[in-house]
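Engineer: Single-letter residue listing:
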Amino acid sequence: MIEIVLAVVFLPFVGAALAPAVYRLLGERTAYYAAGVAAVCLALVTRLYTAGVGLDGGTRYAVDWVPALEVSLALYVDGLALLIAFLASGVGVLVLVYSGGYMHGEPGQSKYYATMLAFMGSMLGVALAGDLFALFTFWELTSLSSFLLIGHYTSADDSQYAARKSMLITVAGGLFMLAGFLLLAWAGGTTLIAGGDDSLVATAGPTIETLRSVGLFVPALLLVGVGAATKSAQVPFHVWLPNAMEAPTPVSAFLHSATMVKAGVYLIGRFRPFFLGAEGGGAHGGGAAGSRGSGAAAGTGGEGAAGEAAGEAAAAAASLLPEWSVVFVTLGLATMTVAAVLAVAATDIKELLAYSTASHLGLITAGFGAANALGAETGAFHILNHASFKAALFLVAGIVAHEAGTRRIENLRGLRHDLPVTAVIAALASLSMAGIPPFNGFYSKELLFEATYELGHELGGTAWLFPVVAVVGSVFTFLYSIKFLSLFLGDRPDGLGHVHRPPVSMLAPPAVLGIVVLAVSAVPNTAIDLLVGSVYDSTVPGAAHGFSIPFPPSKLKPAVIMSAITIGVGAVAWPQYDRLHHGIRRVLAGPVRANWWYDNGVDGLTSGGRDVGEWVQTGLVRTYAAWTIGATSLLALGGYVVGEVGLPALSVPPGMTPAIVLVLLVAVVGAVAVTAAPSHVAGVLTLSILGFMVAIFYILADAPDLALTQLVVETLVLVLFLLVLNRLPAYYGQPSPGRALRDGALATLAGATVFLTVVLSTSATPSEPLSGVLVERANLPPGEHASVFTNYGGGSNVVNVILVDLRAADTLGEISVVAMAALAVLTLIRMRTRGDTR
Amino acid sequence: MTQWLLAAVLGLLFALGTFLVLRRDVVRVVWGVAIISQSANVYLVTMGGLAGAAPIGDFRGETPPPTDPLVQALVLTAIVIGFGTTALALVLTYRVYEEHGTIDVYDLGGEGL
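Those sequence lines, one after another, are chains A and B.
Quick note: the first sequence, position 267, residue 267 per the numbering used here, numbers continuous.
Quick note: the second sequence, position 78, residue 78 per the numbering used here, numbers continuous.
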């Protein structure tokens, strides 16, 4: 099976690599090649499914990746992974077929198909990743391919802006997620996510204990949460999604409704058993696991008793709302409502669908956030339902835009006369989106209502806001869904030109999705039995259970009343849609809009960065030197103060002969003379005095090699200086007293630091200096020691042997530096005389 | 052993070098860098100990032990590299003068701090 799993992930990348070559052969029919690759992936995923891999508990496959770091490419197959893989490959086939019609005559097609396939591979990788680093890598690859696809029209500014925006937000979020992953990997001692006995999910209890003991549990949760929220366009990171609609419509349908944005909620679902598992396994709320277990068990029975049973058990354990729920229910419901309101304010059909997507992702997030069985059911089921109706609606929007030539809502009406089949699909999908029974969107929304009602019932107080907000958000969802449907109703406006019939390649994919909507609507429990049930299993901690949807409801549950309120209020508010639309638009100005923050933030960073750069990078040696020397001195002195070092006693060290003292004093006099030199020539000559004194110092310090080198170099430098100074002007005046004072102060600071450092470092003598080894080994007859120096180095001068033998490569590098300098000198002088410059 | 005198000398050399690096005349900046690198070399050699024979030939059984060959090897490299950079800096100075007609950093890039 591992071959199949690997093939599912890597086949699309191979397909992507071949796409440009195929495009040369096939031209626009590359769409069908790409769809074929996707179909093979779909078949492979189906093969996994029919083999029953991962349906009863996940299965993990591992291939060594970086064995030295214990990073393996672990792939993990379970219900959730299979569902996302089905979406990525299945919607992939449909969208690529649809692209064949939609992209007709568009520019950059070979790039388009290659990127689409690469995206599909990345998404399959995200779905099947069983390892934190593999997950992160594929995650960022989806961001990258999304960037390329949003920026498909490379000459349009809007498209570039949108691509950058999505890239900035999703990649930045991915980095937050990586930080969270590192915390988890540190605490858990493993990078495997789920499956087996050694994965994070399996060891959730102790891992969370470790995290809590250092206070990093909530940070880890939030970091992973930011990653999920940016990818899934949750408030306030939703701003990139509407702009992403600059991409060609098939891209919007594929990436920005059915798959990529699902990565965020996938992440939430994937880590849900981990973060909630600790509630049972760890010290916190020991009863919670039991209550969830019984709730889930009751859910198996269905028949509406699930809610009550879970409610009672949960109420018994109503110790505290886990941080998980605080974060994700709040985030999800806020997104669901805000994005639904914004969708009502939309003027463009794709914008409406974009906000609607964010809103429905919020619904899934809120579902996964609720720490009860119903929440997991909501999330698991709505991932499928949303993908089916929203991808269909995007493809419908693409047909409308393509055939009617406009996407403005106010210009579109009565399309059913021209697009009858499309209208039927749109009706199915938008009624499902609105949450009207008996369509599939209704079922998952009903589950959310139950989950939030449970939260309110269980916790009381402000938690009752959860069901209220859920209903408010759903009312707006109802409104914009009906608005989308109304594009097809009524009479044709006069302004609408001739509307073509779409080609079959564009009509069939949404029709297939429409059939999926119908099928799931008709037999929801079959869908659950087939796949959604094991998705649910993937997202709950502990043992696996199934669940079912009782429809029609056997009795009047609170959720049914909530649905009735939603539809009732929605129907009443519908005539006021235009007033609502304009009202919301009026409110949306300035800092109320998240976009305002994004735009000002990015502009501020850009101009701020430029300003800081100009301020720091002056290009003046003086400034750089002053800051570097001053900062280094202060840091060193500060270190001594903090370390509370004491000064050693005054003493005369051995080897400090009168000759050395004399030489050093002359060297200082030379340096003073250099500083005070009235002319360049005087300065160079006194600099030489300093240099030759240093050479004599080396002789006295028993370093003959250094003395020889120093003498040669000093002589050369003197000649060089005199040659160059001959051509330079004499100097230019004294510094102003103020400047001399400031520079003097800085110089004194540097001098004092060096003084202290030398005093402190020479007073501390290591007990066994490294040089002892070298000295010991040198010049000993064979037999006593391995005589490295004489036998292998071929010399008895230890310094020489070090340079030409032990560090030969280093010396070679040094010679190269001198050669480079010589070449540079030659070039600088020759270039001028050739007149190559301005 | 604590090298008080060398510490004072090196501190002075470093201070003078720093002062020269902050001058407006590019030639003096090059001098400053040269002085600073000389004093850094002397500091390294000092760390190897001044008392002791040169690490050449047969020095078994000698007291005190020979000076540290390791720092000497390091400094030897440093001297040669220092020569390379000084030469390059000088020629760059010369080129700057040819291009701009001045080696005053204020004229070239402003006064800075």
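Treat the hints as calculated values from the structure; they're not laboratory data.
A quick note: this is a predicted structure, and the numbers were derived from the prediction, not measured.
Be a bit skeptical, because a hint or two may be false.
[Unchecked claim] Covered stretches of chain B (in silico footprint by chain A; criterion: 3 or more residues with CB under 8 Å from a CB of chain A, positions within the stretch not fixed):
1) 4 to 17
2) 28 to 34
3) 39 to 45
4) 49 to 55
5) 76 to 87
[Unchecked claim] Per label pair, the in silico range of CB-to-CB distance:
6) Ala51(B) x Pro729(A): 44 to 50 Å
7) Gly646(A) x Ala51(B): 53 to 59 Å
8) Leu708(A) x Tyr106(B): 37 to 43 Å
9) Leu722(A) x Ala51(B): 53 to 59 Å
10) Tyr106(B) x Thr715(A): 32 to 38 Å
11) Tyr106(B) x Ala822(A): 17 to 23 Å
Here a beta-carbon is modelled for each residue, glycine too, at the ideal position from N, C-alpha and C.
Engineer: Decide, hint by hint, whether the structure agrees.
Structural biologist: Evaluated hints:
no., hint, result
1, 4 to 17, "holds (count 14)"
2, 28 to 34, "holds (count 4)"
3, 39 to 45, "holds (count 5)"
4, 49 to 55, "holds (count 7)"
5, 76 to 87, "holds (count 11)"
6, Ala51(B) x Pro729(A): 44 to 50 Å, "48 Å, holds"
7, Gly646(A) x Ala51(B): 53 to 59 Å, "25 Å, violated"
8, Leu708(A) x Tyr106(B): 37 to 43 Å, "41 Å, holds"
9, Leu722(A) x Ala51(B): 53 to 59 Å, "38 Å, violated"
10, Tyr106(B) x Thr715(A): 32 to 38 Å, "33 Å, holds"
11, Tyr106(B) x Ala822(A): 17 to 23 Å, "31 Å, violated"
This entry does not satisfy hints 7, 9, 11, going by the numbered hints stated previously.
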